[in-house]
Amino acid sequence: MEDETLIRLFLERKEDAVLRTAEKYGRRLRSLAYGITKDRQTAEECENDTYLEAWNRIPPAEPKNYFYAFLARIVRGISIDRCRAQASLKRSALIVELTEELDSCLPAGETAEELLDAKLLGEAVSRFLRTQTAEKQVIFLRRYFYLDSVKEISGRLSIGESKVKMVLSRLRRDLREYLEKEGYTP
Numbered sequence: 000m001e002d003e004t005l006i007r008l009f010l011e012r013k014e015d016a017v018l019r020t021a022e023k024y025g026r027r028l029r030s031l032a033y034g035i036t037k038d039r040q041t042a043e044e045c046e047n048d049t050y051l052e053a054w055n056r057i058p059p060a061e062p063k064n065y066f067y068a069f070l071a072r073i074v075r076g077i078s079i080d081r082c083r084a085q086a087s088l089k090r091s092a093l094i095v096e097l098t099e100e101l102d103s104c105l106p107a108g109e110t111a112e113e114l115l116d117a118k119l120l121g122e123a124v125s126r127f128l129r130t131q132t133a134e135k136q137v138i139f140l141r142r143y144f145y146l147d148s149v150k151e152i153s154g155r156l157s158i159g160e161s162k163v164k165m166v167l168s169r170l171r172r173d174l175r176e177y178l179e180k181e182g183y184t185p
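Note that the sequence shown covers residues 0 to 185 in numbering that gives the first Met the number 0.
One or more of the hints may lead you astray.
Said to hold, decoys possible - Each computed DSS-like pair below joins lysine-lysine, with the alpha-carbon atoms no more than 25 Å apart: (1) K37 x K150; (2) K37 x K63; (3) K164 x K150; (4) K135 x K150; (5) K162 x K135; (6) K23 x K13; (7) K63 x K23; (8) K37 x K164; (9) K150 x K162; (10) K13 x K63; (11) K23 x K37; (12) K135 x K180.
Unchecked claim - Just the calculated beta-carbon pair ranges, DEER-fashion: (13) G121 x L156: 21 to 29 Å; (14) E14 x K162: 40 to 48 Å; (15) R7 x R72: 15 to 23 Å.
In short, the hints are calculated from the structure, not lab data. The beta-carbon is built from N, C-alpha and C at its ideal position, and this holds for glycine as well.
Taking the hints into account, I'd like the entire structure generated from these sequences.
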């Protein structure tokens, strides 16, 4: 079923929208949630919570051209929140580690003005990523959006772990330089 049709079902408040969305994207959403929570039951709960959140956000949102990205962002947020709530030390440590890796590139957001500027920063990071090769984009997103380990990325892309680490290091350095040129300072 096409995304536009799925969105129309949500807009018309048809319960079938959730079932059809689960058929099309359930496996991917569960996989994303599992990658973060490392618990199948929690991943299923996060997937179900995602459908409820999508139901509540559509309308007013109408993500026709980016429906999976819309759902992925929701499930990712729910999964991270669930990890924090469950105080899963192993995964929380990973989230802290990844945050520290990007801290040297991204400016801190303490004031309300800086928090409002976050959207513009996100757009700048997206522009930077569009200048990279497809492989580099995948490595960056797998690490910092999907929270995959270096080993998981290495296996997924059939490349060495040392190459993944090197690419991530260079991407962070290049991102820092790019953002400085855009007027952002870490």
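Practice task
Mind listing which of the numbered hints don't hold for this structure, in increasing order?
Solution key: 2
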